[in-house]
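Novice: Sequence:
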Amino acid sequence: MKKKVFGVVLMILAVSVLLGGFCAGREQQALADKLIRLHVVANSDSEADQAIKLQVRDAVLDETQQLLDGAADPRKALADNLDRIEAAANRALAAAGSADHAAASLGEEMFPTREYETFSLPAGAYTALRVTIGAGEGHNWWCVVFPSLCMSASMEEMEAAAQAAGLTEGEIKLITEESEGYVLKFKTMEWLQRLKEFFED
113 MKKKVFGVVL
123 MILAVSVLLG
133 GFCAGREQQA
143 LADKLIRLHV
153 VANSDSEADQ
163 AIKLQVRDAV
173 LDETQQLLDG
183 AADPRKALAD
193 NLDRIEAAAN
203 RALAAAGSAD
213 HAAASLGEEM
223 FPTREYETFS
233 LPAGAYTALR
243 VTIGAGEGHN
253 WWCVVFPSLC
263 MSASMEEMEA
273 AAQAAGLTEG
283 EIKLITEESE
293 GYVLKFKTME
303 WLQRLKEFFE
313 D
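The sequence shown begins at 113 in the working numbering and counts up one residue at a time.
Treat the hints with care, since some could be wrong.
What the hints assert, rightly or not - No more than 20 angstroms apart at the CA atoms, straight line, and that leaves these computed lysine to aspartate or glutamate pairs for DMTMM-like:
1. Lys146 / Glu227
2. Lys285 / Asp185
3. Lys146 / Asp192
4. Lys188 / Glu229
5. Lys146 / Glu281
6. Lys146 / Asp157
7. Lys285 / Glu268
8. Lys188 / Glu227
9. Lys285 / Asp145
10. Lys146 / Glu159
11. Lys146 / Glu283
12. Lys188 / Asp174
13. Lys285 / Glu221
14. Lys146 / Glu198
15. Lys285 / Glu227
16. Lys146 / Asp181
17. Lys146 / Glu269
18. Lys146 / Asp185
19. Lys146 / Glu271
20. Lys188 / Glu220
21. Lys285 / Glu269
To be verified - Label-pair restraints from in silico Cβ distances:
22. Ser232 / Ala276: 16 to 22 angstroms
23. Arg203 / Thr288: 20 to 26 angstroms
24. Gly278 / Ser217: 21 to 27 angstroms
25. Ser266 / Ala160: 28 to 34 angstroms
26. Ala142 / Leu166: 28 to 34 angstroms
What the hints contain is simulated information worked out from the structure, not anything from laboratory work.
Note that CB positions come from ideal geometry on N, CA and C, so glycine has one too.
Modelling step: build the complete structure from the supplied sequences, incorporating the hints.
Specialist: This is the structure in structure tokens:
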């Protein structure tokens with residue numbers, strides 16, 4: 113009798129986890145559909161290359177802000193202007209006295225859960241603007257280029273940018289950690305992603 117009860121409890125837990133995971137996965141996908149991440153990869157981990165990476169980041173953010181201001185389709189605006197983004201990155205490299213070259217691309221990338229100063233993002237697949245400097249063997253810098261959340265100085269600025277980009281109140285609460293159970297949701301998303309990667313390998 114005890115074994116049967118235990119089996120039923122395990123089945124209920126398994127179904128609950130699967131349903132919770134399905135819902136969490138849908139939340140992450142809905143969020144990812146509205147965001148474009150920024151991924152700047154340094155040439156190396158030397159102190160000089162890491163400092164240059166931040167100068168390139170600033171140049172890329174300035175350029176993308178101009179490209180995305182009022183853009184009806186942010187992904188298309190970036191995809192159609194990768195040469196401009198590369199040029200801005202390479203100007204920053206030249207100004208810093210670096211002989212490295214930067215390459216920009218737009219595609220889907222996997223990201224782990226990431227905590228920023230005013231918000232967090234769950235693990236999962238996101239569209240990402242990737243700027244690789246030189247050999248691209250150094251530590252990288254991640255943030256969100258659309259909506260422009262990278263340099264938001266306050267929670268109010270971050271929430272205003274998120275609202276302007278079409279994020280729902282629930283999505284904003286999720287990333288600002290105001291949503292009840294957000295830690296469990298993020299963990300569930302990570303487990304699901306790892307499970308998906310395991311079966312795809």
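Novice: Holds or violated: Lys146 and Glu159, Cα atoms, limit 20 angstroms.
Specialist: Violated. Lys146 to Glu159 sits at ~34 angstroms, over the 20 angstroms cutoff.
Novice: Within 20 angstroms, alpha carbon to alpha carbon, are Lys146 and Asp181?
Specialist: 16 angstroms, holds
Novice: CA of Lys285 to CA of Glu227, is that 20 angstroms or under?
Specialist: 14 angstroms, holds
Novice: Taking the CB of Arg203 and the CB of Thr288, does the distance hold inside 20 to 26 angstroms?
Specialist: Given range 20 to 26 angstroms: violated, Cβ gap about 35 angstroms.
Novice: Verify the proposed pairing of Lys146 with Asp185, using a straight-line Cα cut of 20 angstroms.
Specialist: Holds. Lys146 to Asp185 sits at ~11 angstroms (cutoff 20 angstroms).
Novice: Does the Cβ pair Ser232, Ala276 satisfy 16 to 22 angstroms?
Specialist: Hint holds: Cβ distance 20 angstroms, inside 16 to 22 angstroms.
Novice: Between Gly278 and Ser217, is the Cβ distance one that fits in 21 to 27 angstroms?
Specialist: The hinted range 21 to 27 angstroms holds for Gly278 and Ser217, with Cβ atoms some 25 angstroms apart.
Novice: Would you check the hint for Lys146 and Glu283, treating anything up to 20 angstroms between C-alpha atoms as holding?
Specialist: 10 angstroms, holds
Novice: Next pair to validate is Lys146 with Asp192; report whether the Cα-Cα distance is within 20 angstroms.
Specialist: 18 angstroms, holds
Novice: Decide if the proposed pair is consistent with the structure: Lys146 and Asp157, CA atoms, cutoff 20 angstroms inclusive.
Specialist: Distance ~32 angstroms between Lys146 and Asp157 Cα, so the pair is violated.
Novice: Does the Cβ distance between Ala142 and Leu166 fall inside 28 to 34 angstroms?
Specialist: 31 angstroms, holds
Novice: Is Lys188 close enough to Asp174, meaning Cα to Cα at most 20 angstroms?
Specialist: 18 angstroms, holds
Checked against the numbered hints listed earlier, the structure breaks hints 2, 4, 6, 8, 10, 13, 14, 23; every other hint is satisfied.
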